[in-house]
Structure formats: structure tokens, C-alpha cells
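Number of protein chains: 2
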Amino acid sequence: MKNLRAPRMADIAPFHVMEVQERAFKLEAEGRRIVHMEIGQPDYGAPPQVVEAGIEAMRSRRLGYTSPLGLTELREAISGYYESRMGVRIPPARIAITTGASGAFLLVLGSLVGPDDELLMSDPCYPCSRHITRVFEAKPVSIAVDGSTRYQPTAQHIIDAWEPATRGVLLATPANPTGTTIGQPELRSLAQAVRARDGFLLVDEIYGGLVYDREPSTALELGEDVIVVNSFSKYFNMTGWRLGWLVAPEDLLPEIEKLAQNLYVSPPAPAQFAALAAFLPETLALLEERRLEFQRRRDFLVPALRSLGFSVPVTPEGAFYVYAGCERFAADSAAFTLELLHQAGVAVAPGMDFGNNAAERHVRLAYTRSMSELEEGIERLARFICAGR
Amino acid sequence: MKNLRAPRMADIAPFHVMEVQERAFKLEAEGRRIVHMEIGQPDYGAPPQVVEAGIEAMRSRRLGYTSPLGLTELREAISGYYESRMGVRIPPARIAITTGASGAFLLVLGSLVGPDDELLMSDPCYPCSRHITRVFEAKPVSIAVDGSTRYQPTAQHIIDAWEPATRGVLLATPANPTGTTIGQPELRSLAQAVRARDGFLLVDEIYGGLVYDREPSTALELGEDVIVVNSFSKYFNMTGWRLGWLVAPEDLLPEIEKLAQNLYVSPPAPAQFAALAAFLPETLALLEERRLEFQRRRDFLVPALRSLGFSVPVTPEGAFYVYAGCERFAADSAAFTLELLHQAGVAVAPGMDFGNNAAERHVRLAYTRSMSELEEGIERLARFICAGR
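The listed protein sequences correspond, in order, to chains S and R. Mapping the first sequence onto my numbering, position 18 (from 1) lands on 18, and the numbers just tick up by one. Mapping the second sequence onto my numbering, position 46 (from 1) lands on 46, and the numbers just tick up by one.
Derived by calculation from the structure, the hints in this document are not laboratory data. Some hints here could point you the wrong way.
Same chains, same names: a pair is fine if it fits in one copy or spans any two.
Taking lysine to aspartate or glutamate and the DMTMM-like style, the derived pairs with C-alpha atoms no more than 20 Å apart in a straight line are [unchecked claim]:
(1) K139 x D332
(2) K139 x E289
(3) K139 x E56
(4) K26 x D116
(5) K139 x D160
(6) K26 x E293
(7) K139 x E221
(8) K139 x D116
(9) K258 x E19
(10) K26 x E215
(11) K139 x E30
(12) K258 x D11
(13) K258 x D332
(14) K26 x E339
(15) K258 x E22
(16) K26 x E282
(17) K26 x E73
(18) K139 x D198
(19) K139 x E288
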């Protein structure tokens, strides 16, 4: 059976950042000290209330399969969160709990796209969006974006890129890797352009709770036809627990449910019971403190990178990434990433993980480490850059 | 976006048994007592050692993403289990931890089959196998099996059914819904037939630990080209935790790894740390006691069903199901299932969940309830049948 591979596998790339991380671990094992800014994982663990709820569930419950759409109480808690935090009424019947945001993408794209279908998305973007689209034999079509449109597609982009095979548009706000958001007026124009073409609008709000300088909002405000994917990994600091959710038009939920039954039976029960504590007032208060700390880190990191000569044309308003142009220092950001790691002991992600659009001139830095580590990272970058000049 | 559905969704059926269960819950809410024999979930919760390990991990660890292939220690523990329990040496490098056995099927079939490819599997079989194949735009091709070949395909079936588009064969031993196994000599002939055609052999061993009257064995004995899927849900009683594993040829693991990164980042961390305790001698001793209890239930249920007039041509040697012919009582097993539920208060699964091959003449009964409940179920069935004659 050697070389018996599905053709799709040739189009699905591994995360290059994993190789950076592996090399970093190896250097550490050899005694080097490395500043880690490569992985999109909060340095905070799950809030203690969440951990305690998980422990209580393990002690007191059998933890069998739940409904494929998740615990009713958790769907209700998310509905309540939308209402109290963002003033949007979303009935629990439109909400499905998923195995991570990845699981949500599997269910949404699995039920909506197939062979010969095309899905518009920005470049740079989160690589799994492209790859999951390809997994279902549909074609991800990239819209190259840059600082001139805040690294986000505009309605005009959608209008220009739309083809007969286009089925919908995937947006992300705040976006990975750029951290930029889409304002509600722009979102409205984008939704309008998609609706006029009978397509679907899928919005990745995985970093939805992590916005700075503004109140969080959701594309669900725009109408009942919008599909949103969210996660307990980032704002709620529950990465390893593998839990997310989606909101979809109510008539799509039966399709989502049968696909969930078939693709993973139900989301993990320990994480679901733990997540019930994620919406307690004291948990949310703690998460707000953590959000403000991420904001302080951004406020330090972005100007520091600019002063070193990295280009950051748009100040990121959310998530915990800076997508920084390194064109002054290198023509090939993948090679630059390795030099940074080996010579300066700083681990970052190469642009190539996020697409093909000027990827060789960009790196992504995650501010998922303490302020003192970020300061050390900047010092090391400064020394490395000065030595090279 | 109304009615914008991927064509595949028309071919993916929901589990009809879920509707039976929902109706059963409704009847219970109205005060009826129901004997549940419909769902394939052990009545035992995870062993206490596993629960304690999970709690300890939650207390002491941050529980971030693990490697996409899972914790090294867990891969090693599974390798050790194969060696000590089944005398087969499987290097940890061939083992991937997955998000349930469902996750394992996603990774294996996602990397091996695509449009125009065909995969042979028996009918009846576990419905997700068919549906996941369809999700990847490949075609599940059914081999109708019955009691004459112990509800398992033979090498001759494979030879007869093989077409130019055939890429491989999926076997299940013990199988859901029939509980029958494939002996090592038959497995060897099947593997030979597949190898001679340059196909892949994928063996579902989800119920691998749950065999009666014989020692457990694995298709991995047959050679390094065999792919096996297993689960912590059934023998290890960890259904809601969503953890499984796969064993594949070593050169397929890089493909498996990149697909795992993209489809779900990593398997759930709480479950992985908990599962480390699944292979402790005291845990395995407890699981053996539970296995013997399943055997006692089978030894009660199969003759009881036969004496009532159900046909069970092959005594199931594993799993916790009886696939029973109900042709003496009804021409339509789906209607019969509803009558049984409403009139006798016994919930079972209709044959249609497992395929099209004489599905209307079969129901599946799960012996995942206590002996006293099974006895009550049989009494109710007896009264129902006598009343109808």
C-alpha cells in the first residue's frame, strides 16, 4: 500500500511553526534559553473555577456521550453570554458545542461545501481554514490583503472575486495572524455583498473575546443567516480541553447534528461540564484581567517592533499576534525565522504558515508570554539586528 | 443561503437509534419505565484509577495542546499493552492518539481516499464507517454478509467485489452490530487478497478488548502494512472522554500528523492524562471483571432471544450487541422497534442504522445494562410476543 495517498494530501501542508518549536525544544534540551513567541496558546491555564467544575464532574458523573450538539445547559449558557455581553439574542437551538473550533469548521464546511465549490478567504489567514476546505474537496480561493485594507477583505474584494462556483466567504475577526478586526459597518457591507450572491457568510470569531480598545461584538448582529465559529481555547484559556462552538441558521442545525454524530459522536464531556463554569461572574472577571494583560503586552510589543524596523502597518486590535514585516532584515522569512532561533534564541512563526501573499516578508510573533519574557525577546531581537547591520 | 448544502449531506443519514432514545426519554418523562438496550455505551463509568489520574492532571497541569499524535507516554503505554497482552511488538512511532475512534477514521480515510475511490466494507456495519468514507467523497461499497459467513466478508468476497477503483477494505472484529469476530486464519486470507491487489487493509478493533471464549488478538500480527483503529470508549469504558488510537505503517504517520494538526490540533488533554492509568495492572484487573460480566449477560441474552423466536444464527463472540432477526414477528423492523418501545417499553436499535442488507428483518440489542434489567427486558419481550400471537 506504499504511496497510496488521497490526492488532497499533496495540498495540505504541515504547520511549519511546529518545526520551529521542535528545534527550539531541542536547543533548550542542549541548555540554550529560548524566548517563545511562536505558538498561539495562552500562557494562562484554564481559570480555577473551570478546573474545579471539571474535577467535580469527573468525581460525580459517569461522563458518557452527550448529545452530539452538546449539553443543553452549556448551549443555554452561551446564549446568555451573547445576550449579557453583546446584547444579541441567540436561541440555544442555533448553538452547537463542538470539539474545538476545528470541530466547528468540520461541521460547517462539511455540510456546506463539496467538489467544484469555491470558498473565498483572505491571505494571510489561519491555515486550517484553507486545509479543511480542501479536505472536503472544495477549493479555497485566496483574496490577497495587506495593510491598506487592515488585512481584511472588503465588499469590493468579494464582488470582484465572486465566480459562479463561489459558495461563500470566510472572514476572521479578530484575525490570525494579523490581529486586525472588521468594524460593524464593513461587516454589514460584506454580508450584503454575500447575500446578494446567495452565498453563505462564515465568520471565525475564535478570538472574539480578545479585543482591545473597544467592546467585543459579534457578526451575529447582522442577521440569522450568519454562521459564526468560536472557541473555548483562546479567551477562555482552555486550549488542551478541545472545546468550541458554532452558531448557524436554525435550519442548518439538523445537518450539523447528523454530521457531528458521524464525525465525532459528541464533544468531550469533561470539557463541557468544566466549561459550564466559564460564564460565572468571577470567572469572567478573571478573564477580563487576563485580557487587559494581553493588551499591556500588545502596547509594549507593537511599538518596540516598529522601532526595531519591523513594519506593522495596522495596530492589531485583538487576538495575541503581531504580523510583522521583516523585509528590512531578510528576503526570506523562513530562513530569517531559523536565524532568529539559532542566533538570537527567539522563536517566531514564519509567514509561509499563513499563505502565499508576501509570506516570505513576514513573521508572526505571539504575545503569549509574560511581559519580562517579551522584554527579553525584544532585547535579543535588537542585539541580533544591530549585529547584522 | 437556504438549501445551500453539500451534495454529500443527502447520503449521510442520522442515527435512527437516536430517535428511539429520544422517544424513550420522553416516555420516561411521562412516567413510563423503559428498559434501554438501544445504545452502544457501557453502563460502567471510567475505572476509578482513570478518573483519579484525570483529576490529578487537572489539578497539577496547565492542559495545553499536546503533540497532534498525542502524549509520548501514552503511545508507549499502548505499545506496551500490545506486547504484554497480545504478544505483538508495535513501536510507539506507529501509534497515534486520536479524538475518539471517530478521529482515527477521519485521519486514516482522509489521508487515503478521495473522489472516485471505493472502499469495501460489510453490510451490516457501523454506519459512521460508510458516512466518513462518503464525507471524503469516496464511495463505500457494501458486501452483503449473513450468518453463512459469520456476518464477515471472506477473501472470496473481496476478490469478487474488487474493481479498478477499489482502494482498500474495512473489516471490523468484533463487529458492530453483530458481535462476530474474524479468526486469524481468515484474517490472513483477507489480508492476502488485499495485498495481492495493492490495496490497504483497515481493521476496526474498537471492541478488540471485549472478546469472550478466546484470548484477544489483533490484526497487527499480520504485518506492518495493516492499519488498525481502536478506542478507549468500549473496553476501557471512557465513552464521553473522546479518546481512541490508530496504528498505521510508519510512512503514513507524517500524513496522519499533518491531517491531525489541521482537523483537530490535538486530542483532548484531560482524557490523555487520564488514559495513562488505563494500563495499570489494577485497572486492567477491574476491566477484566467487567468483561466477564458482559460475557455473563451475553450468555443469558442470546439463548433467551432464540427461545423467544428471534434468529441469532451466529453466537456473538465479542462487543456487547446481539443482531437479532425479527422476521417471525414483523416485516418492518423500524416499525417493530417503535411498537416494542411503546407497547413493551423496551428500546432497541432498528436494523436500518447498519445498512440495507435485510435491515428490515433485524434489530440490534445492546447488553449494556445490568442482568436484572436484561431479565426484565426479556420478560417484557415475551409478554409482547405472546400477546401478538
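Task: Structure-inconsistent hints, enumerated in ascending order - done: 1, 2, 3, 4, 6, 7, 10, 11, 13, 16, 19
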